[in-house]
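Visitor: What follows is each chain in one-letter form.
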Amino acid sequence: METFLTPSIRRRDLVAVLFLAAGFGVVLLRLFDPATSGVFPPCPLHYLTGLYCPGCGSLRAMHQLLHGNLREAWALNPMSVMLLPFVVYGLTSEALLQLRGCGLPHFFLPAVWIRALGVAIVLFGIVRNIPVHPFDLLAPGVLLPL
Amino acid sequence: MFCPQCGASNADTAAICTQCGRQLQAVVPPAGSPTPLPVQGVVLPPGTTVPNYLVFAILATVFCCLPAGIPAIVFAAQVNGKVQIGDIAGAQAASNNAKMWCWISFGVGLAAIGVWVLLVMIGVVSGIHNNR
Chain Z
0 METFLTPSIR RRDLVAVLFL AAGFGVVLLR LFDPATSGVF PPCPLHYLTG
50 LYCPGCGSLR AMHQLLHGNL REAWALNPMS VMLLPFVVYG LTSEALLQLR
100 GCGLPHFFLP AVWIRALGVA IVLFGIVRNI PVHPFDLLAP GVLLPL
Chain L
0 MFCPQCGASN ADTAAICTQC GRQLQAVVPP AGSPTPLPVQ GVVLPPGTTV
50 PNYLVFAILA TVFCCLPAGI PAIVFAAQVN GKVQIGDIAG AQAASNNAKM
100 WCWISFGVGL AAIGVWVLLV MIGVVSGIHN NR
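So the sequences go chain by chain: Z and L.
Under numbering that gives the first Met the number 0, the first sequence has 107 at position 108, and the numbering climbs by one with no breaks.
Under numbering that gives the first Met the number 0, the second sequence has 53 at position 54, and the numbering climbs by one with no breaks.
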């Protein structure tokens, strides 16, 4: 199986380190709100241009999810919320692949689906910057349900 | 059929020549020939296909660096596309490209964080202390 690990780095160690780093990040994200705290670095693109990239608001959305606020999370970055379960499943599968040589069963995605996802991500990044209703609903924090 | 080795006449369905024992039926193609994998719409047992790094490509695009994440997603799609038509070598090449772009995106994201930390430390950018 294709791997980037050199023989000197044991897979188990790398997975353990990454898991700890991720765990630390999750704890940090639970404690601090990226919206108000300066603990987290801002997105360079947004900082320099003011534009919303497809990931804008995703960190704040994760913070809201860690506090059980699905609606607020959805308002900040709906795409991240939708992709999160798949990403978590995929990362778990990767970790298991490195640890026991066998990941989780997965559905084979036809290439056209993956390309469609890429297009959707880019379109989301473009459309959410249009300050015209209803596109502005996709900007972080705007799509708040009544 | 006639045996290609000794010329003896055999039944058409005979497995070996009754005269010299030569195998008469078609041999299984050698390993490595490009046969399309039956992957369309199938749940695969884990570890049976070429890795497409799609999860990392998505993370790279959303969290690290969009301009580098998009090629990663494109190559991830290419991996699966090539597997669908049986081009395993091409799929492996696309897989390597996808992995490379994931690393590039991660590196750019990490460098951006590094630059931000540096700017905070030298006071150009308001960081933790001023953001209340």
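Rather than coming from a laboratory, the hints here were simulated on the basis of the structure.
Backbone N, C-alpha and C fix where the C-beta goes; we use that ideal spot for every residue, glycine too.
Each hint should be verified, as a subset may be incorrect.
Unchecked claim - Here chain L is said to cover these stretches of chain Z; the calculated rule only asks that three of the stretch's residues, wherever they fall, bring their Cβ under 8 Å from a Cβ of chain L:
| id | segment |
| --- | --- |
| 1 | 10-21 |
| 2 | 25-33 |
| 3 | 62-72 |
| 4 | 97-111 |
To be verified - In silico contact screen, one side only, chain L against chain Z (beta carbon under 8 Å); selected entries:
| id | residue |
| --- | --- |
| 5 | GLN4 |
| 6 | SER8 |
| 7 | THR48 |
| 8 | VAL61 |
| 9 | ILE69 |
| 10 | ASN79 |
| 11 | GLY80 |
| 12 | GLY85 |
| 13 | ALA111 |
| 14 | TRP115 |
| 15 | LEU117 |
Visitor: If a hint holds in the structure, say so; if it does not, say that too.
Guide: Here is how each hint holds up against the structure:
Counting residues of the segment 10-21 of chain Z whose C-beta lies closer than 8 Å to any C-beta of chain L gives 0; at least three are required, and the coverage claim is violated. Restraint check on the segment 25-33 of chain Z versus chain L: 0 residues with Cβ-Cβ distances below 8 Å, three needed, restraint violated. Coverage of the segment 62-72 of chain Z by chain L is violated [criterion: at least 3 residues with CB-CB distance below 8 Å; count 0]. By the rule of at least three residues with a Cβ nearer than 8 Å to a Cβ of chain L, the coverage given for the segment 97-111 of chain Z holds, with 12 such residues.
Against a cut-off of 8 Å between C-beta atoms, the interface hint on GLN4 of chain L is violated, since the closest Cβ of chain Z lies about 43 Å away. About 49 Å separates the beta-carbon of SER8 of chain L from the nearest beta-carbon of chain Z, more than 8 Å, and the hint is not met. At a threshold of 8 Å, the smallest CB-CB gap from THR48 of chain L to chain Z is about 7 Å, leaving the interface hint in force. Because the beta carbon of VAL61 of chain L sits about 4 Å from the nearest beta carbon in chain Z, less than 8 Å, this interface hint is met.
Satisfaction of the interface hint for ILE69 of chain L is found here, the shortest Cβ-Cβ separation to chain Z being roughly 6 Å, below the 8 Å cut-off. Look at ASN79 of chain L: its Cβ gets to within about 5 Å of chain Z, closer than 8 Å, so that hint holds up. The criterion of a C-beta within 8 Å of any C-beta in chain Z is met by GLY80 of chain L, whose closest approach is roughly 3 Å, and the hint holds. A least Cβ separation of about 13 Å between GLY85 of chain L and chain Z goes past the 8 Å threshold, and the interface hint is therefore violated.
A least Cβ separation of about 5 Å between ALA111 of chain L and chain Z falls short of the 8 Å threshold, and the interface hint therefore holds. Among the interface hints, the one on TRP115 of chain L holds; its C-beta lies about 5 Å from the nearest C-beta in chain Z, closer than the 8 Å criterion. Given the 8 Å rule on beta carbons, the hint for LEU117 of chain L is violated: about 11 Å separates it from the nearest Cβ of chain Z.
In this structure, the earlier hints numbered 1, 2, 3, 5, 6, 12, 15 are contradicted, and the remaining ones agree with it.
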